Amino acid sequence: MSFFDRQIPVLGDICQKKLKNSRVFVGGAGGLGCIVCELLVRSGVGKLYIADFDVISESNIHRQLLYTTHDIGKPKNLTAKEKLDSIGFNCQIEIFGKIDEDFLLPDVDVIVDCFDNKDSKNLLSRLAFKNNIYFVHAGVFGYFGQISTLKDKKLEDVFSFGSQENYILPYTVGVVGSLQAMEVVKIICSLKPNLLDKILCIDLLNYGFDTIILN
Amino acid sequence: MLVRFYSTLREKKGKSVEINIEYINIKSLIDLLEISNYILDNNNLLAGTMILVNGKNISHLNGLDTIVQNSDSIDFFPPAAGG
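First to last, the sequence lines map onto chains A and B. Note that this note's numbering gives residue 176 to position 176 of the first sequence, counting from 1, and the numbers run on in steps of one. Note that this note's numbering gives residue 64 to position 64 of the second sequence, counting from 1, and the numbers run on in steps of one.
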């Protein structure tokens, strides 16, 4: 028996080995980041880098599934690492605080945008673009969210973000974060179709999924 | 031309609308669709709204002066930035 007996029949041995050898950078350990990090660790990803400088607050607990009320006031990056380490899957996890334009990005296969603001999202995208690394973006607002994978485009080439109120539902975060983790696995394992140069729009109010093809 | 709305705009305008018009610029299309209240402020596109013409953001075309035609697909999309 192995931890992955139930998923290897679906993904295959080769994909499972690719996951074990993969290195993923996750920007943001909030709602999306908690889901993405936990699913990637449980998928068998070999090395995870997590960047977040925030501390856990009361308003985080309803959707940030790695944290409990006992964690309020603790740093997200360290707490996330402790929770993810406790799964016991031998994923190497390294944490960072705030990143900037001069941040030396580790050698990774995929960068995942789980940040909650446009400035951090655009910064991470520029780092991905500069280093020619797949960038899996997601954003959520209320019942809605979107996911997109970019490689030869920056986020600001495609998306026009505004500042928005922080209205977030845990269900939206759960669905969008799960799809984002699936997309990361698809990129690592070269599974098609993926969301490269597309936007998958998620509408949980009307239960709709639409794809926009980017040009 | 096929005009599609997403996210919060869909709550106001429905999923999509087919318009038969030979040539029109985006500003006039917004007026025709009666959505200026939702996406314009003093004739400028509100931050947080993006318009794609055949999958390309109009900010990299001619902005609100971009001309579209019957064969084009236009997406009005307010992207979500939360996480």
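Simulated from the structure, these hints should not be mistaken for laboratory data. One or more of the hints may lead you astray.
To be verified - Only part of the chain B face toward chain A is listed, based on derived beta-carbon distances under 7 Å: (1) 14; (2) 44; (3) 48; (4) 75.
Please read all numbers here as calculations on a predicted model, not as lab measurements. C-beta: ideal position from N, C-alpha, C; glycine also.
Looking back at the hints listed earlier, which ones does the structure fail to meet?
1 and 2
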